Amino acid sequence: MKEIELRLALVFYGGVSLAIYMHGVSREILNLVRASARRDERGLLNDTTGSTQRKGGAAEAAWGALLAHLGQSVNVRVVVDTIAGASAGGVNGIMLGRALAHDLPLEAHRDLWLKYADVTQLASPQAGIGRFMKSGISPVLDRLVSSRLNKGVADDETRDKLRLLMQSPWFEPPFSGKRYIGWMLDACARMDEDYCAGASLIPTGQSLDLFVTLTDYTGQLRRIRIDDPAFVEEWDHRRVVNFHARHRVPKVIQSQFDPASVPELVFAARATSSFPGAFPPASLAELDEVLAERGETWPHREPFVARGLGLNGTGSRNRYFVDGSVVMNKPLAPVIEAVRARPAAREVARRLVYVDPVPKALPQAVETNGTMPGFFKVILASLAHIPRNEPIGDDLKEIEAHNRRGRWLTQTIEAADPVVERTVKAILPGWGKVSAERLSRCRAQANTAAHDQAGYAYLTYQALKLHSVSDRLEQFLAGILGCLPDDPVPAWLDLALSSLASGRGQGGAETGQGDPGERALRKIGFLVGHDVDYRVRRLRFVVRRLNGFYHREDVRSAPGLSDALDLLKREIYAQIDQFLVCWDRGALEPEILAEIREVLGPDRAGAAGSAGAGGADPDEEAGLIRLRTALAYLETRFDLKSKDREVDVLFAEKACEVLPRPLWRELLGAYVGFAFYDLTIFPVLQSNDFAEVSDILVDRISPPDCAASRRAEISLKGAALNNFGAFFNRRWREHDYLWGRLNAAERLAQIVVSVSGHAPAEEDPVVAELIENLFEAILQEEEGVLATDPLLIAQTRKSLSMGA
Numbered sequence: 013m014k015e016i017e018l019r020l021a022l023v024f025y026g027g028v029s030l031a032i033y034m035h036g037v038s039r040e041i042l043n044l045v046r047a048s049a050r051r052d053e054r055g056l057l058n059d060t061t062g063s064t065q066r067k068g069g070a071a072e073a074a075w076g077a078l079l080a081h082l083g084q085s086v087n088v089r090v091v092v093d094t095i096a097g098a099s100a101g102g103v104n105g106i107m108l109g110r111a112l113a114h115d116l117p118l119e120a121h122r123d124l125w126l127k128y129a130d131v132t133q134l135a136s137p138q139a140g141i142g143r144f145m146k147s148g149i150s151p152v153l154d155r156l157v158s159s160r161l162n163k164g165v166a167d168d169e170t171r172d173k174l175r176l177l178m179q180s181p182w183f184e185p186p187f188s189g190k191r192y193i194g195w196m197l198d199a200c201a202r203m204d205e206d207y208c209a210g211a212s213l214i215p216t217g218q219s220l221d222l223f224v225t226l227t228d229y230t231g232q233l234r235r236i237r238i239d240d241p242a243f244v245e246e247w248d249h250r251r252v253v254n255f256h257a258r259h260r261v262p263k264v265i266q267s268q269f270d271p272a273s274v275p276e277l278v279f280a281a282r283a284t285s286s287f288p289g290a291f292p293p294a295s296l297a298e299l300d301e302v303l304a305e306r307g308e309t310w311p312h313r314e315p316f317v318a319r320g321l322g323l324n325g326t327g328s329r330n331r332y333f334v335d336g337s338v339v340m341n342k343p344l345a346p347v348i349e350a351v352r353a354r355p356a357a358r359e360v361a362r363r364l365v366y367v368d369p370v371p372k373a374l375p376q377a378v379e380t381n382g383t384m385p386g387f388f389k390v391i392l393a394s395l396a397h398i399p400r401n402e403p404i405g406d407d408l409k410e411i412e413a414h415n416r417r418g419r420w421l422t423q424t425i426e427a428a429d430p431v432v433e434r435t436v437k438a439i440l441p442g443w444g445k446v447s448a449e450r451l452s453r454c455r456a457q458a459n460t461a462a463h464d465q466a467g468y469a470y471l472t473y474q475a476l477k478l479h480s481v482s483d484r485l486e487q488f489l490a491g492i493l494g495c496l497p498d499d500p501v502p503a504w505l506d507l508a509l510s511s512l513a514s515g516r517g518q519g520g521a522e523t524g525q526g527d528p529g530e531r532a533l534r535k536i537g538f539l540v541g542h543d544v545d546y547r548v549r550r551l552r553f554v555v556r557r558l559n560g561f562y563h564r565e566d567v568r569s570a571p572g573l574s575d576a577l578d579l580l581k582r583e584i585y586a587q588i589d590q591f592l593v594c595w596d597r598g599a600l601e602p603e604i605l606a607e608i609r610e611v612l613g614p615d616r617a618g619a620a621g622s623a624g625a626g627g628a629d630p631d632e633e634a635g636l637i638r639l640r641t642a643l644a645y646l647e648t649r650f651d652l653k654s655k656d657r658e659v660d661v662l663f664a665e666k667a668c669e670v671l672p673r674p675l676w677r678e679l680l681g682a683y684v685g686f687a688f689y690d691l692t693i694f695p696v697l698q699s700n701d702f703a704e705v706s707d708i709l710v711d712r713i714s715p716p717d718c719a720a721s722r723r724a725e726i727s728l729k730g731a732a733l734n735n736f737g738a739f740f741n742r743r744w745r746e747h748d749y750l751w752g753r754l755n756a757a758e759r760l761a762q763i764v765v766s767v768s769g770h771a772p773a774e775e776d777p778v779v780a781e782l783i784e785n786l787f788e789a790i791l792q793e794e795e796g797v798l799a800t801d802p803l804l805i806a807q808t809r810k811s812l813s814m815g816a
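When the letters of the sequence shown are read in order and numbered with the working numbering, they come out as residues 13 to 816.
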């Protein structure tokens, strides 16, 4: 049966109290992914250990019914591999990331929003005398509320809570950051009651990335090299914190979402949603105090401060952060960068889905009457509205360019196939089996043939590879020396690596020019010992070719052949993982790290800051000798020759056992002939990964996009009071949360149906009925929870044209 992997990259915009709507969206995304995992009967490459053992609700069952109906013709596997969020969207992204990484429930997060996202709960304890004195102006506040805010506060509960908030201390943030932290810690603790080591909704061999935007109030001084002066400095206030999880092999999850990582996740949530004026700025010291009061620890504090925030030293404790939406309210850019190089387990349908609860309408975005805006309106727009509504046109153009590159890549590979196949056919032995040793020699022979046929173009290709490997090693060694991610690479390290990569500096200063043939051999030796990324590109290229086998009629009709392809692909991904571990500093033994630091010398780390100003190593030759020694340690640790041998055995023996002979020979051809393709593609794309070439299509989840909400003529209550409305009324929170689930269900169902190639609900009454059943399942799940407004569920059911 044809199988498609639907890859979702999610972007949650900021929106203050519209976070409740976005949480409803998150709940439905989780239900869809879990229902899809439950249908994954093979349990091979897409193994999501433990998830199918968890008891599902009515909505999950309704999703399963829709996927089963579509599965009669195509099996759609839904995976979330990238999330980004700002402000309120960042909080929801964090919680959804935890739920996906470790198959955790989100009900505790729902309770947090419905119960605690209220001004009476968020507000800091009030000083009695100040509040008493201001209570005398209640009539004035009532007139202000009635005359200026009109329908937005017609509700009695909202009016009372607004008056209460306006009586709080003026010129101080009314909301308590410590209370907010405590509630999020409690929500995470409740989620972790269902934590099971090894359980995950991330398929085996794949990963999940979360990006959360913060605004560093102080800013970070960045030093950038130029010609004259040697460098310039600028202040950077933008922080994009990255959390990562990888399901390496079944039940082995490398995760920054586990219970031990909760403090840094909560800090990111507190900081990204620290709306200026509403919350005090977030700080590490604030979280330290809350954890100390609760008797809890922060196991990964220092690594997070260095890795995630790019800070070091004692001063980091008093660094302050405010709302991430100030600098990036629509974080599409980090998502686009992340999804460019994701390994494909099946035919991939990529969707970038962004959640925009209240899209800005054009008449509201510009002045239409031609009059000059007033003094306060200009200030408010400049400080708040305009920065939070930056256009996404540039990001969408980048997606369009990515899609064009993908189509070009497909065409280039198809055009090169006949030439490469003829050359490789002459290199590979006849129809019989091929030993691993012979396969290794064939690879070397094909590489030589590709380089010879490329002529002068090979010089450009080799120079680019040398630069790429040198840059990887620079960043890797700089990290070992303690340089932070945003620090410039020490100049002495850059110069020394450039010298080694070019074949110079191998045996004393007098050999700097060297014999051209000898220098060429040194370059090749440098790549053989350190070019990890070439091996990864080669294996992912083979996976790309293997993915094409699934669509062939002879494969679909052969019993068990799809399972064999899954098994082989799982083995290939295990080999890819072995190569990728080379770039993981955390995987290096402490003694190896200590030896490398010792070899490079303590002055190397100390020179990092001054070297950023352009200074070179005063003893260049001694620096080269020490660098060569450090690289020798890494070369021994990488042990790429042994890894190459394991891959050769995999293709010569394992692949031969599980695949029919024609498919096996074709796969060998892609493996042996990869050098021809890389020579053509790598100089153009200049990317270490080009495995996934499918287009990225963009979808939005928003009330105006959904037929159900248009039919019901609903508007989000949280949009009132400058997007703070839901903090003043629980009924409003319940309304927005419910419609978040319903809107997400409708839009996600449309995406899944579209990816499957099935007729839409408008043309297929069965699909329409299944989507209605999904709506009803959501209403049934929430009927006993959303009880503040006794008419909410009944009115919603009626507006959806369902029977009682």
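Keep in mind that the hints are not guaranteed to be accurate.
[As the list claims (entries may be wrong)] Below, computed lysine-lysine pairings styled on PhoX-like, alpha-carbon distance capped at 20 angstroms: (1) K445 with K173; (2) K655 with K666; (3) K127 with K67; (4) K653 with K535; (5) K445 with K409.
[Stated by the list, open to error] Derived CB-CB ranges, DEER-like: (6) A427 with Q807: 36 to 46 angstroms; (7) R453 with G210: 14 to 24 angstroms; (8) E205 with I536: 29 to 39 angstroms; (9) A448 with R649: 56 to 66 angstroms; (10) V797 with V264: 49 to 59 angstroms.
These are calculated hints, taken from the structure and not from any lab test.
Nothing here was measured: the structure is a model prediction, and the numbers come from that model.
Glycine included, every Cβ here is placed at the ideal spot set by N, Cα and C.
Structure-based check of all given hints:
For the hint pairing K445 with K173, the CA-to-CA distance comes to about 79 angstroms; that exceeds 20 angstroms, so the pair is violated. The suggested pairing of K655 with K666 holds, with an alpha-carbon distance near 15 angstroms, which does not exceed 20 angstroms. For the hint pairing K127 with K67, the CA-to-CA distance comes to about 25 angstroms; that exceeds 20 angstroms, so the pair is violated. The straight-line distance between the Cα atoms of K653 and K535 is roughly 16 angstroms, inside the 20 angstroms bound, and the hint therefore holds.
Between K445 and K409 the alpha-carbon distance is near 49 angstroms, which puts this suggested pair outside the 20 angstroms criterion. At about 60 angstroms, the CB distance of A427 to Q807 disagrees with the hint of 36 to 46 angstroms. Hint check: R453 to G210, Cβ distance near 41 angstroms, so the stated range 14 to 24 angstroms is violated. A beta carbon spacing of about 56 angstroms between E205 and I536 contradicts the range 29 to 39 angstroms that was offered as a hint.
Distance hint check for A448 and R649: the Cβ-Cβ separation is about 23 angstroms, which falls outside the suggested range of 56 to 66 angstroms. One distance hint, 49 to 59 angstroms for the beta-carbon pair V797 and V264, is violated here, with the actual separation near 36 angstroms.
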